[in-house]
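Q: One letter stands for each residue in the lines below.
Number of protein chains: 2
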Amino acid sequence: MGAGEQRGRKPRADVQRNRAALLETAQRHFLQHGVGTSLEAVAKEAGVGPGTLYRHFPTREALLAAVLQTRSEELVARQADIDQLGDPAEALEQWLRAMEEYFSAFSGLPDPLMAAARAQEPDNPLTIPCDILISATDQYVRAAQRAGRVRASVRGHDLFLAACSIAWIKGNGTEEESLDRLRMLIASGYRQRDAQA
Amino acid sequence: MGAGEQRGRKPRADVQRNRAALLETAQRHFLQHGVGTSLEAVAKEAGVGPGTLYRHFPTREALLAAVLQTRSEELVARQADIDQLGDPAEALEQWLRAMEEYFSAFSGLPDPLMAAARAQEPDNPLTIPCDILISATDQYVRAAQRAGRVRASVRGHDLFLAACSIAWIKGNGTEEESLDRLRMLIASGYRQRDAQA
DNA sequence: CATCAAAACGGATGCTGCCTCCGCATGTAT
DNA sequence: ATACATGCGGAGGCAGCATCCGTTTTGATG
Numbered sequence: 001m002g003a004g005e006q007r008g009r010k011p012r013a014d015v016q017r018n019r020a021a022l023l024e025t026a027q028r029h030f031l032q033h034g035v036g037t038s039l040e041a042v043a044k045e046a047g048v049g050p051g052t053l054y055r056h057f058p059t060r061e062a063l064l065a066a067v068l069q070t071r072s073e074e075l076v077a078r079q080a081d082i083d084q085l086g087d088p089a090e091a092l093e094q095w096l097r098a099m100e101e102y103f104s105a106f107s108g109l110p111d112p113l114m115a116a117a118r119a120q121e122p123d124n125p126l127t128i129p130c131d132i133l134i135s136a137t138d139q140y141v142r143a144a145q146r147a148g149r150v151r152a153s154v155r156g157h158d159l160f161l162a163a164c165s166i167a168w169i170k171g172n173g174t175e176e177e178s179l180d181r182l183r184m185l186i187a188s189g190y191r192q193r194d195a196q197a
Numbered sequence: 001m002g003a004g005e006q007r008g009r010k011p012r013a014d015v016q017r018n019r020a021a022l023l024e025t026a027q028r029h030f031l032q033h034g035v036g037t038s039l040e041a042v043a044k045e046a047g048v049g050p051g052t053l054y055r056h057f058p059t060r061e062a063l064l065a066a067v068l069q070t071r072s073e074e075l076v077a078r079q080a081d082i083d084q085l086g087d088p089a090e091a092l093e094q095w096l097r098a099m100e101e102y103f104s105a106f107s108g109l110p111d112p113l114m115a116a117a118r119a120q121e122p123d124n125p126l127t128i129p130c131d132i133l134i135s136a137t138d139q140y141v142r143a144a145q146r147a148g149r150v151r152a153s154v155r156g157h158d159l160f161l162a163a164c165s166i167a168w169i170k171g172n173g174t175e176e177e178s179l180d181r182l183r184m185l186i187a188s189g190y191r192q193r194d195a196q197a
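Those protein sequences? They're chains A and B, same order as listed.
The UniProt record's numbering puts the first residue of the first sequence at 1, with every later residue one more than the last.
The UniProt record's numbering puts the first residue of the second sequence at 1, with every later residue one more than the last.
Simulated from the structure, these hints should not be mistaken for laboratory data.
Some hints could be false.
[As the list claims (entries may be wrong)] To spell it out: a stretch of chain A is covered by chain B in this simulated footprint if at least three of its residues, at any positions, have a beta carbon under 8 Å from a beta carbon of chain B; those stretches are: (1) 30–43; (2) 78–91.
[Stated by the list, open to error] Just so you have them, the derived chain B footprint on chain A, three or more residues with Cβ under 8 Å: (3) 170–182; (4) 187–194.
The beta carbon of each residue, even a glycine, is placed where N, CA and C say it ideally should be.
Whenever a hint applies, use it, and build me the whole structure from the sequences.
A: Given below as structure tokens:
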């Protein structure tokens, strides 16, 4: 039972076509109208019936998770760059910004993400990406802590929540200036105070 | 033109009755099902038709604002207690908690509040309460700054956003422990660092 | 108390979106 | 070419929103 599949039959050609069309269309609609966009409209524009959409993606979250897959890979790619940085504090900061942008991909995205982040929702397709992000954040936090740049009481989970909140606020139309101030505030909160006196 | 009204006619009795019934029922439904509750259901349970509901409260936000009025008064009452405190830093902290509880009154409340908080929505009935809260927060911030307990770069608006975010996270079912940590993080962010060395 | 007109009521209505179910067609193996 | 599994898609039931208009209620007036 390795990775190679094909148990019994070859998968039909139309299902792949439809799935691809749905994903492509859904991404466009999520971009334009946010995560609350009409699924019926997505199906129609993808040239399939509602039934087909729901068979491929039983819930809105499932569709969202599938669409997000692409973006997740971009995030991972970014991670490579970030890991090049010598300064772990700088790396953490950049990672937080990267996550924030990821959360801001579609308007309204932070809500389902937060809903999935609280564990005990094992069937929610968004839970896995969330958990990955949280533990990745924790890695950066720990590295920065080892370098004495971040307070010891901080957890990756905390900064995940913070990044998600900021994306949520941003999605509600707050001016970038206010966001910058809030980011500063949070940064002041997690940074280790230099014993400079 | 004082406060006494009665221009032309005496207001009809049924409108007051209906308005009161609607507010009472709406509050219950908001409590039980969140701000997204069915307005039709509210109307039905209040014993009026949908038309009557929409005449009294043209939008969901209008109804929400009216229901929130009561709670706002409780907040103001709390303010009196808080103002008694000698320590302006303690006062700020308590005020933030009070706001957070206010934002958590109904599940989903932070979203419409945030939407109203970005100005340039003068017709949104929630804008006024928001502005009041923001400037009240700013008062507490300034007092604490005068006492040298809060960093100079912080604005009331920032902490308003922070409190709203925390309420939003709370509403999404995150455990209280994570919230506490986040509150700590934010507090570390706005507090003036003591020149203690 | 009877009458009138303004004001408010409320439900029927049209609309949009969600999600399911099942007869039909499409594609794959023999 | 045939058979059969598999997937398709649209019709349809449901719920909620918001509006419009014929009817009722209510306060004012004599």
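Q: Are there at least three residues in the stretch 78–91 of chain A whose beta carbon sits under 8 Å from a beta carbon of chain B?
A: n = 0 at 8 Å, threshold three: violated.
Q: Count residues of the stretch 170–182 of chain A with a Cβ under 8 Å from any Cβ of chain B, then say if the count reaches three.
A: holds (count 7)
Q: Three or more residues of the stretch 30–43 of chain A near chain B by CB distance under 8 Å?
A: This one is violated; 0 residues, fewer than the three required, reach chain B with a Cβ under 8 Å.
Q: For the stretch 187–194 of chain A, does the count of residues with a C-beta closer than 8 Å to a C-beta of chain B reach 3?
A: Answer holds; 5 residues pass the 8 Å Cβ test.
When held up to the earlier numbered hints, the structure conflicts with 1 and 2 and fits the remainder.
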